[in-house]
Amino acid sequence: MILTNTTNYFAELVSYLSEQMGLGGQILAYVIVAAIYLGFFAVAGLLLVYIERRVAAFFQLRLGPNRVGPWGLLQTIADALKLLSKEIFGTNRKDKLLYNTAYYLVIIASLVALSVIPFSIGVQAYDLNIGVFFISAVSSVGVLGIIFGGWGSNNKYSLIGGMRSGLQMISYELSSGLAILTIILMAGTLQMSGIIEAQRDGFFIWRGHIPALIAFFVFVIAGTAESNRTPFDLAEGEAELGAGYHSEYSGMGFAFFFLAEFINMFIISAIAVTLFFGGWLAPFHLTDGLAYQPLWGAIWFFLKVSVMIFLLMWFRWTFPRLRIDQLLTLEWKYLLPIGLINIVLMAILVYFNLVF
Amino acid sequence: MSYIGNIIGGVKTLLTGMKVTGNYFFPSVFGRKYTITRQYPDEPAIVMDRFKGEVVMWHNDNNEHRCTGCQACEIACPNGSIEIIWDRVLNEETGKKVKVIDQHIYHLGMCTMCNLCIQACPTNAIMWSTNFHNSTFDRSQLTKVLNKPGSKLMAGVEE
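Taken in order, these protein sequences are the chains called A and B. Going by my numbering, the letters in the first sequence line up with residues 1 to 356, in that order. Going by my numbering, the letters in the second sequence line up with residues 1 to 159, in that order.
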């Protein structure tokens with residue numbers, strides 16, 4: 001596998017500034033990179049909330065927010081300002097430590113997972129050699145935040161929501177892990193940029209034909225469950241639990257949970273795009289010879305990710321919420337056996353070189 | 001076999017659901033075919049004919065109404081929204097004293113739009129209007145006099 005462009009812009013920035021200014025420059029470079037990611041986190045979160053509301057409105061024959069700014073684009077900024085200015089209050093006899101660390105954990109898990117996602121050629125904060133494994137390990141830290149929030153709120157509905165969320169995330173992590181492993185078998189590497197480079201001659205969804213397609217479906221279902229979205233939003237379950245684990249949070253605490261949920265959706269879509277649809281690679285080498293390759297890469301990446309996000313939104317506004325026993329039946333009786341058989345099938349195909 | 005059948009059936013039903021919602025979504029985005037939201041101040045509102053906005057009294061072109069002052073509506077009203085101020089006037093043709101309304105007072109602020117007064121009216125003098133611009137800055141403006149000034153009873157209603 002030949003890496004055509006191994007420049008990592010973030011790493012270049014760090015090395016340049018540390019050459020110029022020594023340790024202070026290195027720290028400054030890290031701060032700049034962190035600020036870029038935090039900015040992306042906030043902007044993407046707000047934009048995704050807006051898109052979600054707009055898409056939901058069109059599914060329900062409404063118009064959605066269209067008054068604040070052009071096409072209502074500033075609506076979520078107004079909402080965020082409102083949430084910032086709200087008083088923060090919680091329940092009596094809450095567990096102060098757990099209650100107040102919960103949303104930071106959720107947000108940190110999403111941010112750290114975001115750092116290894118390749119947005120374009122060389123636009124990746126940290127190209128870890130175990131990238132995919134790192135993401136699936138780190139994104140399961142987020143469940144701790146949700147359980148902390150549920151437990152610390154001193155509210156039985158929050159507790160039930162938190163426990164359900166923990167149950168669900170731990171169950172579905174298996175399936176998503178197996179789906180990822182199926183693709184790792186073809187790629188031969190855990191590095192995110194390596195996985196993308198391996199797809200230069202054809203995306204894995206095409207080259208892996210049947211097992212890759214099954215793995216994609218399993219991953220999308222498990223990913224929807226991991227990001228706690230409908231039809232797997234038992235953790236929130238408005239009808240039965242109020243708002244589940246974040247019903248006792250107000251102001252920015254609530255906003256952090258809300259933003260993290262949407263960023264998790266983005267992360268799930270980004271992983272799916274990286275594993276199955278070639279990340280920032282252009283389909284059929286459409287833009288390969290052109291100038292500004294990183295820009296084209298970013299365009300293709302965000303195009304693919306937005307299609308995936310739209311698919312997740314389509315699921316959300318179509319399917320009814322599962323019952324807890326249906327949730328567990330789906331995971332342990334269907335997805336897990338299918339994933340296990342699928343990985344064996346993929347191993348056989350790769351061994352006998354039957355993939356394209 | 002029912003295991004695989006379950007999977008296929010499940011996928012099939014999920015796809016059916018997505019087809020239904022997709023059939024609503026895509027025409028709504030590209031052309032707003034099904035979108036039913038009316039952006040009211042910009043677009044005119046659609047008000048149904050049977051919408052119960054407020055009670056009005058019908059007057060013809062000669063400023064005549066059909067209210068005989070029988071007070072059936074006042075009695076029927078469960079919360080006293082209607083008050084009728086009336087008088088007896090001598091009818092010169094027949095030589096009898098006839099009940100004539102002075103003011104048919106209607107308190108919109110108290111009205112629950114229950115329709116009982118309109119059902120009770122023997123001469124179909126009052127009816128519903130679909131006007132919904134009823135908010136005012138002052139509560140006293142919600143008390144309305146339904147008969148127009150100078151109006152009188154239409155001939156032939158009492159027979």
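Keep in mind that the hints were calculated from the coordinates and are not lab data. Values in this document were obtained by computation on a predicted structure and should not be read as measured data. There could be a bad hint or two in this list.
To list a few chain A residues with every Cβ distance to chain B over 12 Å, as calculated [stated by the list, open to error]:
| id | residue |
| --- | --- |
| 1 | Ala187 |
| 2 | Ile205 |
| 3 | Leu311 |
| 4 | Asn353 |
Distance ranges between label pairs, derived from CB positions [unchecked claim]:
| id | chain 1 | residue 1 | chain 2 | residue 2 | range |
| --- | --- | --- | --- | --- | --- |
| 5 | A | Pro283 | B | Thr13 | 57 to 67 Å |
| 6 | B | His133 | A | Leu213 | 40 to 50 Å |
| 7 | B | Asn60 | A | Asn66 | 24 to 34 Å |
| 8 | A | Glu240 | B | Lys12 | 22 to 32 Å |
| 9 | A | Phe89 | B | Leu15 | 13 to 23 Å |
| 10 | B | His133 | A | Trp332 | 22 to 32 Å |
| 11 | B | Gly9 | A | Ile27 | 52 to 62 Å |
| 12 | B | Thr13 | A | Leu354 | 30 to 40 Å |
| 13 | A | Glu240 | B | His107 | 22 to 32 Å |
| 14 | A | Leu84 | B | Val29 | 30 to 40 Å |
| 15 | A | Glu240 | B | Lys52 | 31 to 41 Å |
| 16 | A | Asn66 | B | Val56 | 15 to 25 Å |
| 17 | B | Leu116 | A | Asn66 | 40 to 50 Å |
All C-beta atoms in this analysis are idealised placements derived from N, C-alpha and C, irrespective of residue type, glycine included.
Indices of hints not satisfied (ascending) = Violated hints: 3, 5, 6, 7, 9, 10, 13 and 16; rest satisfied.
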